[in-house]
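Novice: Here is what each chain is made of, one letter per residue.
2 protein chains.
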Amino acid sequence: MAGLTAAVAFAKDNGDRFVEELKELIRIPSVSTDPERVGDTRRAAQFVADELARIGMENVRLIETSTEPSATGPGRQGHPLVYADWLKLPGKPTVLCYGHYDVQPAEPLEEWLSPPFEPTVRDGNLYARGAVDDKGQMWMHVKALEAMMVAGGGTLPVNVRVIVEGEEEVGGEGIAAFVREHGDQLKADVALVSDTEMFAPELPTLCVGLRGMIYTEIEVKGSRTDLHSGMYGGAAPNAFVGLAQLIAKLKDEDGRILIPGIYDKVQRPTDAELKAWKALPFDEEEYREAEVGSVALTGEAGFSVLERTWARPTLDVHGMPGGFIGAGAKTVIPAKATAKVSLRLVPDMTPAETFGLLRDYVATIVPKGCTAEVRMIHSGDPIVVSTDNRFVAAATEAMQTVFRKDTVFVRGGGSIPIVGDFVRELGIPTVMMGFGLPDDNLHAPNEKFNLSNFHRGIESIVRWMGLVGA
Amino acid sequence: MAGLTAAVAFAKDNGDRFVEELKELIRIPSVSTDPERVGDTRRAAQFVADELARIGMENVRLIETSTEPSATGPGRQGHPLVYADWLKLPGKPTVLCYGHYDVQPAEPLEEWLSPPFEPTVRDGNLYARGAVDDKGQMWMHVKALEAMMVAGGGTLPVNVRVIVEGEEEVGGEGIAAFVREHGDQLKADVALVSDTEMFAPELPTLCVGLRGMIYTEIEVKGSRTDLHSGMYGGAAPNAFVGLAQLIAKLKDEDGRILIPGIYDKVQRPTDAELKAWKALPFDEEEYREAEVGSVALTGEAGFSVLERTWARPTLDVHGMPGGFIGAGAKTVIPAKATAKVSLRLVPDMTPAETFGLLRDYVATIVPKGCTAEVRMIHSGDPIVVSTDNRFVAAATEAMQTVFRKDTVFVRGGGSIPIVGDFVRELGIPTVMMGFGLPDDNLHAPNEKFNLSNFHRGIESIVRWMGLVGA
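Chains as they are written, first to last, in the UniProt record's numbering: chain A, 1 to 470; chain B, 1 to 470.
Derived by calculation from the structure, the hints in this document are not laboratory data.
These numbers were taken from a predicted model, which means no experiment stands behind them.
Only true hints are included.
Here are a few chain A residues that sit away from chain B, every Cβ distance over 12 Å (derived from the structure):
no.	residue
1	Ala53
2	Lys92
3	Pro115
4	Gly183
5	Lys187
6	Thr270
7	Ala272
8	Gly356
9	Ser452
10	Arg456
11	Gly469
Derived pair list, reagent style DSSO-like, types lysine-lysine, alpha-carbon separation capped at 30 Å:
no.	chain 1	residue 1	chain 2	residue 2
12	B	Lys265	B	Lys249
13	A	Lys187	A	Lys88
14	B	Lys249	A	Lys368
15	B	Lys92	B	Lys12
16	B	Lys368	A	Lys278
17	B	Lys92	B	Lys187
18	A	Lys405	A	Lys12
19	A	Lys92	A	Lys187
20	B	Lys92	B	Lys405
21	A	Lys368	B	Lys278
22	B	Lys275	A	Lys368
23	A	Lys249	A	Lys368
24	B	Lys275	B	Lys265
25	B	Lys187	B	Lys88
26	A	Lys278	A	Lys405
27	A	Lys265	A	Lys278
28	B	Lys265	B	Lys278
29	A	Lys249	B	Lys249
30	A	Lys12	A	Lys23
31	B	Lys88	B	Lys12
32	A	Lys368	B	Lys265
33	B	Lys368	A	Lys265
34	B	Lys368	A	Lys249
35	A	Lys275	A	Lys405
36	B	Lys368	A	Lys275
37	B	Lys23	B	Lys12
38	B	Lys278	B	Lys405
39	B	Lys368	A	Lys368
40	A	Lys92	A	Lys12
Ideal Cβ positions, reconstructed from N, Cα and C, are used throughout, including at glycine.
Construct the complete structure from the given sequences, taking the supplied hints into account.
Specialist: Laid out in structure tokens, this is it:
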């Protein structure tokens, strides 16, 4: 590619400006789950669209989305997709760049060392909600495109489509529907997703598998209304005690999920994969101490931490709304209690089947005096992507050039539902080239992005597109 | 008593005004647990003090309280006590009238049919937070005193002290300290407490026993910070799952508390008491349907509902703060989870011993990967009061005159810690003459007070004081 060196040089010369622009984007609190942030979320979409237009991308537009009415609520206007393309090289491959401009809620606010929406650089890291997930990584795509566009005098080395969504953190229903219904508008040969992390600092990493998930609410009802625990304690069912007893039957203390049939469809990783994982630089004790910070790790006996987090289904409770949660004491027997419960899925589990197993099992373990209901909030398929194609080969080579180390293949424990949709609906592979780090505090206070990785990520993307278009 | 008939007539003639005054008091949202209501709570105290002065009580004053620093927080200024007396009949008995002007929080607000602090009369009931617990019942005392004062031309049939507290719903530490340290200022022969209920409509009832309680918080910690459930699910302990597993080990599904030793000190009610309870008009199925509204009742096998709620210790969970409780989905493994857990105690259990049993047991059932801490928020002793004194006899007679039915003796499942303090510190018996009804929704939305009972309560108190002073 003619302008490769020039593009890399441009990115280096303009690196500081790229970071300042990213900060501006981060300051927009585009928390997609928060109804009060609808305006901010749209503002973030427009910010991305404006920049794509400025750097020379074409057909830039916001695509409105909406969700269908469901068990969890009425249909509603969704957050818009940002679309852009540049398709002037017939015969060359087309890359579909995917990212998301929405972010997780920042709570608990008091645990942030600097305000979540005021990006702050400390020790070479940019601290802010969305720094790495995914505004920072999405911005690498935009900036790589800018560098190539400038270096190429208004041309890119490959055809490119860009699709950036605003509902990744709330289930991505909007983009899923768009891919399903208007897949032709996203026709491409490969998708590029930068929403994952490197296995360790300085270790270039391609993610080749992701867990799926179902996110549910389990609601237990006891008495008709809240009751006085002095007067009724001993006779009235307590919804929170009932819910706790129910949850205790979902997972044992070792971390084994107790839902009958839950492990039946689980596909074992290949021997080659398991062998490669064993070779990764991973110190369980250091992981416990530095990353998790608990007195002990938990999880199914007989599986390594990497197997447990990448290739085994898991169950977590995220919070239990209801009842009295204020300071001090209120002596109430709450009429109802809810638990936000999710399961991570691995190939070949499906969300629908898993939800059915959960719902059917819950029906059999409802504590005395209570009723229970399980609601699906959202879901995503697990995926394993093929490593046997030229796009993966190009990614490996590009990152090795930038990082001067062999690229490792890993899986991710999290879910990026759209990757499954790309496989299923568009029939294209995805290259998951991510530049986060294990201690980046995704979804937690003090999220950060290593700025050196931000810059090397841009260079890696430039080099990868160069190779893909060569 | 000379003015008895006149006092009863005055109360009848002024009944509507009494209700209007009560409404005014109820409109002051004196939620003692809410730091934002400190001013309102004091305003309610002043309202009561002003009225006591107006009707001719003497030495009316607010007594400031404060709490000691403890495990649950720094010492703080408490809500004031209201004191008044009228002690002009040497040789006659002195009655200590106790009540409280603070109320429970009104949440969940959306379940109220009329606003909690805008008292509304429907079907002969006054609906509002505090209508019966305890503003309405405390107001009966004040209005009975007014009626007697007017009828007696400025004299009462007995000596009277009035003490009204503002922290009953948050543990009553202020009044407990005052009784302990300045008991001489409350010297009396008997206490009158109207903070209980009648066993059934039209059935005059004296409460002769109350459960005590410990209100605690159990906090479970897992990971050091909140973690992404995709990345760490399967390796990191989940504080909410751990807390649920722990709670499931505190109480079984039948309602039996699993804390070793918890039942060791439980005193069985007397055979006479058990026999009397069996004779009470109580239909378990109607109670389940009309009051509890659950699909089944729960509680220890082998004990009747009345035994379970009056004479057995129980354990309830009131809420589980922490984690993600907003709408929608957040895929977080919360670093910590808390449960508000209380136990109701019966004679001869003590709060200190019970807390020790709970804390020691929790230490043995902490789930893998987690740590747990149990904190005491507040506590109160269980009590059984003697029925063998002239004050109880007078109460029985007074209520029989008003209601034209035999008075029944019951216990209450709730806690009024000050009654224990009256016995222990002042060495006086308490007459618990309450006029609430079982469906009054104490501590719940749509709290109410039957206005006929309000008026008959005033007459009963007038007649009782007449008999005590005769």
